[in-house]
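Peer 1: Protein chains in written order, with our numbering: chain A, 1 to 87; chain B, 1001 to 1621.
The hints are simulated quantities; they were obtained by calculation from the structure and are not laboratory data. Even glycine gets a Cβ: it sits at the ideal position worked out from N, Cα and C. One or more hints might be untrue.
Footprint (simulated), chain A over chain B, 3 or more residues, beta carbon under 8 Å [claimed, not checked]:
1. 1244-1251
2. 1269-1278
3. 1315-1326
4. 1451-1460
5. 1503-1514
Here is how the chains run, residue by residue.
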Amino acid sequence: MAIRVTFGEPICRQVGSREKEVSLRKEDSETSITLVQLARRLGVKIEDSEGSLMILVNGKVAPHTSHHELPLQDGDHVELFVPLAGG
Amino acid sequence: MKTIVGKTAIIDLSARTVAVEDTPIQLVYHLLGGRGVNMAYLYRMLPLKTDALGPENVLIFGTGLLTGYPVPNSGRMNISAKSPESGILGDSNMGGFFPAAMKKSGFDRLVITGRANWPVYVLLSNGSVEIRDADPYWGLIVPDTQTALEQDLGKGVRSAVIGPAGENLVRFATVMNARKNAAGRCGMGAVMGSKNLKAVVAAGDAPLKIADPPGLRALRKELTKYLQASKIIQIYGKVGTALLYEPANKLGAMRTKNGQMNQWSSNLNASEIDPHIDRMTACSDCTVHCRHVNKYGGEGPDFVATALLGANTGIDDFTEVIKLNNLCNDLGIDTASAGTLIPWAMELYQRGIIDDKQTGGPLLWGDVERVRGLLVDISERRGFGDVLADSSQSIPLGKMPPEAADYLIAVKNLPQSDGHDPRYIKSFALGVAVASRGADHLRNRPTMDILRLPDDLRERVYGAPTEGDPTVYETKERVVDFSDKIFAVCDALGICRFVCQGWNSPKLLGYRHFSRMIKEAVGLEVDPGDLDEIGRRVIDLERLINQREGLTRADDTLPRRYFEDPMPSGHTKGHKIDRKQFENLIDCYYELKGWDLEGNLTPERTAEIQEITKIARMSPD
Ligand code: SF4
């Protein structure tokens, strides 16, 4: 089991795939990680001066305030999108 | 320093006369150009309660003050008239290469009245205007018209043309230049058709006079670098607006099956687009290149076409969606209205409000062949296509039953333009309700409202604290007001919305950049505060035009569904618009605008605008 991560455009182009799996570091007795830690491991910025990514965890939008706290565990599905709007 | 202005041509197609004059400098000072100055002519020259398809309607082709100048994304212009679709002000922004070519042919603006006795086109070259016979081109689809004009007039000419839809007075017919650059909204193509005007062709390429050429060169370099550093600009250049589909769909904010659903197939995600695309392309002087050249002989699709010809119509095959998009462009049909009206009819059929007798056969979700046939029928005004060709006017015309209005996703009679369902993001809902041309996102969409920007950054941009939560009503008047004004300024300058501060990023071009661009290009000193006031003035002027056509506060509203039907699935499940909170928000918006609770300007403001615009008329005296 691992955390499954899906990348929307154009993040998938940056990381080179549409999906990746991230395993928890069992050797460090890791049982969960936060979204911020997950993003760091993937080399993805979830926040910059032009806004934050929209992140879904198991199909639900993770509130901005939860990015440093929400514990992700094996089997969770995380989806990362640049939340552009307009037309 | 003397401000550089070009010429305005007043063309009477009935009398076949042309008068050319300097663009009135007073209008430039107060409204810049493009949409701003167009509105002054519309306000002053449009007779009260004119038939939008009658010869008295005034059709205005207006380049922006900076259109054609070597500054980033300056390739755009506005076409304005009374709209045959909505019955109020019609105005549509267009990119491509025609706008710069029109300016380089010597013209800031064409003000076209009357109706030619037979099909004509207008040829612009180096300060001269000719009205020519268009018989050989009448009946041709858009790309064939453009090719024929190039064959006859030379490869370098740029043309803005109508297709069969415009000729047949389809109320949402577009004006097209090249394969996909459309003045798409409000039926400006039908207004051209009603005047027997098949095309406007720009054949000139004289260099524009520049107030400070070295200064402008340096500024262009600086601003290009600034823009290209933006993450958002990089994204648009790679994926175009097709990118918007997946996040909107994941959120549960995708207009689907006429708003009965809010999520659709992942087949239309931008990640699926590559096999259909040859390359990216751009309008003139663009630093972004957001447009796809597809493998099926056209350009696009953008997000609007993907969402509305896809999800909203119940189609999930990307190839077919792209082909339908191309067909709309070839026929000269607005993808936004077509992708709203056909699903509207599908829901009416689903509910038994209309039946085979009216539709001439089943009208089922996802039936690609039926949609393809309907688009052709619309453009020819054949069978049920003739009903849909009248858009929202089909109800007052008695072609659709009155109860059909309950399911029409339109505001002020204009079908909603974009693929986002605004029941979740309240600032989007307010924007759609108050936009001056009807249900539209390009007038004021506060896209930054979903970026979760830090409080202090939002305060710097909007000039006051605002709520970061997109689902609350409080303070959303401020973000819409900001977008109203800066987008109006962009349209008056001829600058593309996609590089304008507030369009998905706080870091793009704002008033302080525009102020420098204007000074170096045309020598006009206008500070950032003045530009904000000009934006406000354009919105006020548009309000006056619409009120003269009979609009009131009651028209600043939303489709019934957005108030009554909760969103059915996804993260947005259960969201709808609360009428009381929405009306409070309208109060706050009016107050911020300086309007009374009925949405009226003060008598002093009205008098001020009347004074500014009085020079915009047939012949200066
Ligand atoms: S960003 Fe897109 S729409 Fe805007 S000027 Fe460039 S190519 Fe045209």
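Peer 1: Each of the hints needs a verdict: does it hold here or not?
Peer 2: Here is what the structure says about each hint:
Figure legend: the segment 1244-1251 of chain B, annotated as covered by chain A; annotation consistent (6 residues with Cβ-Cβ distances under 8 Å, at least 3 required). Under a criterion of three residues with beta carbons nearer than 8 Å to beta carbons of chain A, the stated coverage of the segment 1269-1278 of chain B is upheld, 3 such residues being counted. With a threshold of 8 Å between beta carbons, the proposed coverage of the segment 1315-1326 of chain B by chain A is violated, since 0 of its residues qualify and at least three are required. Coverage of the segment 1451-1460 of chain B by chain A holds [criterion: at least 3 residues with CB-CB distance below 8 Å; count 4].
Restraint check on the segment 1503-1514 of chain B versus chain A: 5 residues with Cβ-Cβ distances below 8 Å, three needed, restraint holds.
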